[in-house]
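Enquirer: Sequence:
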Amino acid sequence: MRSLVFALMTCAALVGCSDKGKDFVGVWKYSDELSETLTITKADDGYRALAHIDKDENGYMDVKVFLYPESDKLLVTKEKKIALELGDDGKITSHLRHGTEIFVKTK
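For the sequence shown, my numbering begins at 861 and goes up steadily by one.
Incorrect hints may have been included.
[Claimed, not checked] Below, in silico cross-link-like pairs of lysine-lysine (DSSO-like), each with a Cα-Cα straight-line distance of 27 Å or less: (1) K882 - K938; (2) K880 - K967; (3) K915 - K902; (4) K965 - K882; (5) K915 - K951; (6) K915 - K880; (7) K902 - K967; (8) K924 - K941; (9) K880 - K938; (10) K951 - K880; (11) K951 - K967; (12) K902 - K940; (13) K882 - K941; (14) K941 - K951; (15) K902 - K951; (16) K940 - K951; (17) K889 - K951; (18) K924 - K940; (19) K933 - K965; (20) K889 - K941; (21) K951 - K938; (22) K902 - K882; (23) K882 - K924; (24) K965 - K902; (25) K902 - K880; (26) K965 - K880; (27) K889 - K902; (28) K882 - K933; (29) K924 - K902.
No wet-lab data here; the hints were simulated from the structure.
Starting from the given sequences, assemble the full structure and let the hints guide the process.
Expert: Okay, here's the thing in structure tokens:
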């Protein structure tokens, strides 16, 4: 009985320590007509993403969103809408704005 309780506690601890999406954390850049920075941080049971257009000094066009890991390669919104995809090439495809943008990790 004692070993069963220990096994259950171990399983519960492992489930709570999921690191799905950890490769998204960092600072990413998109360079086009409007250069953009995407900053992703770990927060609670998901991730916070801030997309900032570099020329927007006041942050009026910032996109701030909380995302949940669907897998190691996919972060989604609360409504399960695809937000960020991590490609095999190490780049992020963002669906946070209209259309898609490809970001490269800088930090």
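Enquirer: Run every hint past the structure and note whether it holds.
Expert: How the hints compare with the structure:
no. : hint        : result
1   : K882 - K938 : holds (18 Å)
2   : K880 - K967 : holds (19 Å)
3   : K915 - K902 : holds (26 Å)
4   : K965 - K882 : holds (13 Å)
5   : K915 - K951 : holds (22 Å)
6   : K915 - K880 : violated (32 Å)
7   : K902 - K967 : holds (15 Å)
8   : K924 - K941 : holds (15 Å)
9   : K880 - K938 : holds (16 Å)
10  : K951 - K880 : holds (17 Å)
11  : K951 - K967 : holds (13 Å)
12  : K902 - K940 : holds (18 Å)
13  : K882 - K941 : holds (19 Å)
14  : K941 - K951 : holds (19 Å)
15  : K902 - K951 : holds (18 Å)
16  : K940 - K951 : holds (21 Å)
17  : K889 - K951 : holds (10 Å)
18  : K924 - K940 : holds (16 Å)
19  : K933 - K965 : holds (15 Å)
20  : K889 - K941 : holds (22 Å)
21  : K951 - K938 : holds (23 Å)
22  : K902 - K882 : holds (8 Å)
23  : K882 - K924 : holds (18 Å)
24  : K965 - K902 : holds (16 Å)
25  : K902 - K880 : holds (11 Å)
26  : K965 - K880 : holds (18 Å)
27  : K889 - K902 : holds (18 Å)
28  : K882 - K933 : holds (9 Å)
29  : K924 - K902 : holds (14 Å)
Checked against the numbered hints given earlier, this structure breaks only hint 6.
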